[in-house]
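Position chain B against the provided structure of chain A, taking the given hints into account.
Read top to bottom, the protein sequences are chains A and B.
Going from the first sequence to our numbering is simple: count from 1 and add 290.
Going from the second sequence to our numbering is simple: count from 1 and add 51.
What you were told as hints is all true, and nothing was included just to trick you.
Each computed BS3-like pair below joins lysine-lysine, with the alpha-carbon atoms no more than 27 Å apart:
{"id": "1", "chain 1": "B", "residue 1": "Lys349", "chain 2": "A", "residue 2": "Lys379"}
{"id": "2", "chain 1": "B", "residue 1": "Lys285", "chain 2": "B", "residue 2": "Lys262"}
{"id": "3", "chain 1": "A", "residue 1": "Lys416", "chain 2": "A", "residue 2": "Lys468"}
{"id": "4", "chain 1": "B", "residue 1": "Lys58", "chain 2": "A", "residue 2": "Lys442"}
{"id": "5", "chain 1": "A", "residue 1": "Lys416", "chain 2": "A", "residue 2": "Lys403"}
{"id": "6", "chain 1": "A", "residue 1": "Lys392", "chain 2": "A", "residue 2": "Lys379"}
{"id": "7", "chain 1": "B", "residue 1": "Lys375", "chain 2": "B", "residue 2": "Lys349"}
{"id": "8", "chain 1": "A", "residue 1": "Lys442", "chain 2": "B", "residue 2": "Lys57"}
{"id": "9", "chain 1": "A", "residue 1": "Lys442", "chain 2": "B", "residue 2": "Lys56"}
{"id": "10", "chain 1": "A", "residue 1": "Lys324", "chain 2": "B", "residue 2": "Lys56"}
{"id": "11", "chain 1": "A", "residue 1": "Lys324", "chain 2": "B", "residue 2": "Lys349"}
{"id": "12", "chain 1": "A", "residue 1": "Lys471", "chain 2": "A", "residue 2": "Lys324"}
{"id": "13", "chain 1": "A", "residue 1": "Lys457", "chain 2": "B", "residue 2": "Lys57"}
{"id": "14", "chain 1": "A", "residue 1": "Lys457", "chain 2": "B", "residue 2": "Lys58"}
{"id": "15", "chain 1": "B", "residue 1": "Lys295", "chain 2": "B", "residue 2": "Lys312"}
{"id": "16", "chain 1": "B", "residue 1": "Lys295", "chain 2": "B", "residue 2": "Lys262"}
{"id": "17", "chain 1": "B", "residue 1": "Lys58", "chain 2": "A", "residue 2": "Lys324"}
{"id": "18", "chain 1": "B", "residue 1": "Lys425", "chain 2": "A", "residue 2": "Lys379"}
{"id": "19", "chain 1": "B", "residue 1": "Lys57", "chain 2": "A", "residue 2": "Lys324"}
{"id": "20", "chain 1": "B", "residue 1": "Lys285", "chain 2": "B", "residue 2": "Lys307"}
Bear in mind the hints are in silico, worked out from the structure with no lab data behind them.
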Amino acid sequence: MSDRYELRFSGSGGQGMILAGIIMAEAASIYGTKNAAQSQSYGPESRGGASKAEVIISDQIIDYPKATAIDCMLAMTQEACTKYHGDVKEGGILLVDSDEVKVLPEGKFRLLKYPITSAARDELGKTIVANIISLGMITELTGIVTHEAIEKAVLSRVPAAFLELNKKALQIGFERAKTLK
Amino acid sequence: MADRKKKFLQGNEACVEGALYAGCMFFAGYPITPSTEVAEGLSVRLPKIGGKFIQMEDEIAGIAAALGGSLAGLKSMTATSGPGFSLKQECLGYACLAEIPLVIVNVMRGGPSTGYPTGPSQSDIMQAKWGTHGDHPAISVTPSYVQEILSETVRAFNLAERFRTPVVVLYDEILGHMREPITIPAPGDLEVIDRMRPECKSEDYLPYDEKYEVAPLAPFGAGYRFHVTGLNHKQDGFPTNDSKQIGANNLRIMSKIENHKEEIWKNDELLLDDAEVAVFTIGSTARSARFAVLEARKAGIKAGLLRPLTIWPFPEKAVRELAKRVKAIIVPELNLGQMILEVERVSGAACEVVGINRVDGEPITPMQILDVIKKYK
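Okay, chain A solo, but in the shape it has when bound:
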């Protein structure tokens, strides 16, 4: 299993966690040289409820598309953090949005906190790009894909009118993650 790198993006339905998973997987497999599989789980509601996307990155064929021992997890809400942090492996990273996650879980993982939603709101005026800031942070923290690959993947998935906004969001992510290292 050591040839698998596992990521989980979790939050509330509508926060763009599944899109974040797709972009990370495309960065690895289409704009990078690795194999990737992305899967998701969500409830019948289209907004709200705990939502998660998982990405497995490997140099080999990916069989089981779901996470087994997570290397890096993002939690954008308290509910998602509480519900999903249990699979983060020893020494893995748990990045939480400290605007939302107040009750911090305990475990043998590296817990990193950053006010992601307020950074999106205060610096870019749009909380909708919190997921892109998160992608920048995770790229910087894990090094699992390159800056170039994640940027290409983000820009290929967002509407043309919002390219600059998303580029900035990604840059903010790269920079803020450095302060957590």
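Frame of chain A; chain B shown alone:
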């Protein structure tokens, strides 16, 4: 150089690519989770190439319209999930007896009834064979990877056209919604089969001509007038009470598949040559099984995997031969034991047959399978 695009696609999107590659020009259906993206994708793509997409008032109308599209000469498809598949059963039987080529995609979700729309399941395996009444032929293909959803959808169209029969593409919610990088094949990379058309004069045309195992099918509107009915019929398509004809017709719709099982079967084998314990499974569960088998090998256990890409007709030959060589066949499936009944029937007392079952909307994990494999160390 041929144009082969690498794309990062969802299983349902790959199904759309497969349908278009095969030449599908007509889709009728009624959207239902977790198959909706198949209809959504074709609603965008078909009109651009002169094809037709129609959302009907319900699932029954969806398959009925698709049958009409096929009779009019277009390769046709419908897509659904468990509750919708139940509704389509009457028309599925109609397609078997009236011998109408059709591809039906069933992205399996938790049942029974409305069940669990966003969770995976493999509980329609028996329904794909026995859902409609009467003795009838059944072909179902079972991909495990996003790339395979594309290629197996193409194969489903080929089988439907070749044998003038409905073919079910059966996969689960995990595969329908998960994404993987895939390569879109260039024209010519995959075989594409078109139905046989009549060459005779219209007045000589018999839609169920006994001279053929599978008779040529004329498109409605091209000058060939013929009758299509769900009643047992004569060579000209009109109903009959002649017991000789009824018997012969019922046997022929079965034997046209039965006699060609070897070309319909398709199995993927992993490390079976020296295996002492084998896993037999399909769909996303086969991905967990591959993981488990490779882990077992690392631990020195001689495990292997038999993964059928055609579940109906059931791969009797491969299972019978496997049963003679191994101590046990493990059958993990996301239901309470459907495929295992076939594995038991075919393997007889030749080896132990053990099920692993799950119906809580979660996948069977590699570890669950590995734990059972370890018992045969």
